[in-house]
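Chemist: If you want the building blocks of each chain, they are given just below.
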Amino acid sequence: MIVAERKPLEEIRGFIEGFERVLVVGCGGCATVCLAGGEAEVKIVGSALRIAARKEGRRQEVLEDCVTRQCEPEFVEQILARVKEEGVTALLSLACGVGVNFLAERLGDIPVFPGLNTKFFGATEELGVWVEMCAGCGNCMLHLTGGICPVARCSKSLLNGPCGGSTDGKCEISPDVDCGWALIVERMKRLGTLDELAEITPARDWSSSPHGGPRRVVREDLRELAAEAEEKSVAASR
Amino acid sequence: MKSGSNLERVLEAGHFAVTAEIGPPMDCNGEVVLEKARLLKGCADAFNITDCQTAVVRMSSIASAVLVMREGLEPVMQMTCRDRNRIAIQADILGAAALGISNCLCIAGDHQSFGAAGRLKGHPGAKNVYDVDSIQLVSILKGLRDDGRQQGGDEVEMRPPLFIGAVWTPLGDPIDFRPFRLAKKVEAGTDFIQTQGIYDMELFRQQMKIVREMGLHERVAILAGIIVPKNLGMLRYMNSSVAGVTVPEELMGRMAAARKAAGEDKAQARRNQEEEGIRITVELIEQARETEGVRGVHVQAIEWEQKVPEIVERAGLMPRPAPSPAA
Ligand code: SF4
Ligand code: SF4
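Protein chains in written order, with the numbering used here: chain C, 45 to 282; chain H, 1007 to 1333.
Hints should not be assumed to be uniformly reliable.
To be verified - Pairwise CB distance ranges, derived in the manner of DEER restraints:
1) E1256/H / D239/C: 34 to 42 Å
2) D1152/H / V262/C: 37 to 45 Å
3) L1045/H / G191/C: 48 to 56 Å
4) D1160/H / L79/C: 46 to 54 Å
5) P1130/H / L188/C: 28 to 36 Å
6) E176/C / M1258/H: 36 to 44 Å
7) G1124/H / E49/C: 20 to 28 Å
8) E176/C / G1124/H: 18 to 26 Å
9) A1328/H / K233/C: 47 to 55 Å
10) R1320/H / D220/C: 37 to 45 Å
11) E1208/H / E169/C: 34 to 42 Å
12) G1159/H / E83/C: 49 to 57 Å
13) D239/C / L1045/H: 42 to 50 Å
14) G191/C / R1320/H: 47 to 55 Å
Stated by the list, open to error - Sample of chain C residues with no beta-carbon within 12 Å of chain H, all distances over it, derived:
15) R102
16) E108
17) L124
18) T133
Hints are computed from structural coordinates only; laboratory data are not their basis. Beta carbons: idealized from backbone N, C-alpha and C, even for Gly.
With the hints as extra help, turn the sequences into a complete structure.
Modeler: Listed below in structure tokens is the structure:
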């Protein structure tokens, strides 16, 4: 999932200070799973902002909502409708950065502010601990490294590690950070595939990663299906 | 001859090579580099010029390398993958070659969070590069030199004559993987290796045995790294905090005894430890020399460069073979 963490309330309060009618919108996807911006968190943030406004004697109404996913048109529709109908003057999104962007592109002259700090693609290690595991490099090479990612889990994204800084399974940057390459070596030992690491991984083509510029995925098969469905419905309505 | 560098000639001729290190200053005072060069002239076959070591901004390794050449020393320009992408690296290598630099040491580089292990501020908020890793960097340099090709495939008309080096941490974790990592560096085309500082010669010899069984010592010139210990505190620090370095109890005991012998006299305690440190260094050099497959030493006297000539002398490695006419 995309792991995010709520921004300090003080910072959020600063964003929305001058707006009269603020809608706090949660997301039922990753933000809910990582306990940062689901229904429950919307309630907490909403109440905190209302209390702050009252204390400071500001006239501000804080509304709440939570949608299934803030990154898909069909779910965002209801938010846009509400903004219009209820005269919302600003949004606070508790989705990851994708949700904020997605809303911003659709909100016309209404501003949307980020309530979360979006961190990484990761997994829940234990309750309250999330760990980064993938960097979305666009050309997965986990078949070469026993399923453990050198791009995301080595501090230097080395493809032929480990560097000389690895100590007792930890990375040179901190004793709290696992050395990704120590994990890879350990894993491949277990799999009996350690000898595959003798192969040199050549310099990578990073154009599939964010370094290649903003990316998009186009699935022609799905687009064709959508076009067909559209045609049918037009024909039926004639 | 791949590069015709003095270091390459010394190794080719079968001499036991000596390299030392010069750390550039944190400002633009070239005189500091020239002064160190004058102090060290003649005591080693080539001198490593560090590249923003421990992730602290220092005078660039290329510029410092050119400065030491003015004093007649041969540089080993260090090049990290931390600060440059493959475009900048190749551009710098071609420029360095044009300036007459012929030895290059390929390293990943300490992570930017390092900041001289907290002794300086550094730039922990910097964005790093790591477009390529040290092994890929070796391949890129080899491609420029031997195939006349840039990494992207474009042709290089005048090929840079480089003697390509890399670093090896023989006692780093996971220790049983270390010989294989050396093998990868050799496979990529490394001509010479300088190791991380070694105090535990016993363990190093075990690793070298594996290296010999793999036949790597015949394909690459291995220079054992020796870091001159100045006092007990430094040995303790190296043992606990420097990755891939373990200091045997025996050496720490010797240093402790040297300190104790001075009693309350602090100045004497310092002198005693410095003398013991040099004695230990000389012994380590001798032990490295006796290890089959080791073809030289890389002596690092961190912020104590002036002691290197005495150390090399006492290790019986002076005078150095006459520099090549090209140097
Ligand atoms: S190799 Fe790339 S896609 Fe695969 S896990 Fe790592 S960052 Fe993600
Ligand atoms: S210690 Fe491990 S994780 Fe850290 S930079 Fe080196 S290889 Fe990567």
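Chemist: If you check the beta carbons of G191/C and R1320/H, does the distance land in 47 to 55 Å?
Modeler: The hint (47 to 55 Å, Cβ to Cβ) holds, given that G191/C and R1320/H are roughly 53 Å apart.
Chemist: In this structure, is the beta-carbon distance linking P1130/H and L188/C contained in 28 to 36 Å?
Modeler: 31 Å, holds
Chemist: Measuring from beta carbon to beta carbon, are D1160/H and L79/C in 46 to 54 Å?
Modeler: 51 Å, holds
Chemist: Can we trust that T133/C is non-interface, i.e. its beta-carbon lies farther than 12 Å from all of chain H?
Modeler: At about 35 Å from chain H, T133/C clears the 12 Å cut-off, so the statement holds.
Chemist: Given the hint of 49 to 57 Å, is the C-beta distance from G1159/H to E83/C inside that range or not?
Modeler: 54 Å, holds
Chemist: Given the hint of 20 to 28 Å, check if G1124/H and E49/C actually sit that far apart at their C-beta atoms.
Modeler: 26 Å, holds
Chemist: If I claimed the Cβ atoms of A1328/H and K233/C lie 47 to 55 Å apart, would that claim hold in this structure?
Modeler: 49 Å, holds
Chemist: Is 48 to 56 Å a correct range for the gap between the Cβ atoms of L1045/H and G191/C?
Modeler: Distance hint for L1045/H, G191/C holds at roughly 52 Å.
Chemist: Could you let me know if the closest chain H CB is still more than 12 Å away from the CB of E108/C?
Modeler: 36 Å, holds
Chemist: Regarding D1152/H and V262/C, is the given constraint of 37 to 45 Å on their beta-carbon distance met?
Modeler: Roughly 41 Å apart at Cβ, these two residues keep to the hinted range, so it holds.
Chemist: Is it correct that the beta-carbon of R102/C has no partner in chain H closer than or equal to 12 Å?
Modeler: It holds; R102/C is separated from chain H by about 35 Å at its closest Cβ, greater than 12 Å.
Chemist: Does the hinted range 34 to 42 Å hold for E1256/H and D239/C at CB?
Modeler: 37 Å, holds
Taken one by one, the earlier hints all hold for this structure without exception.
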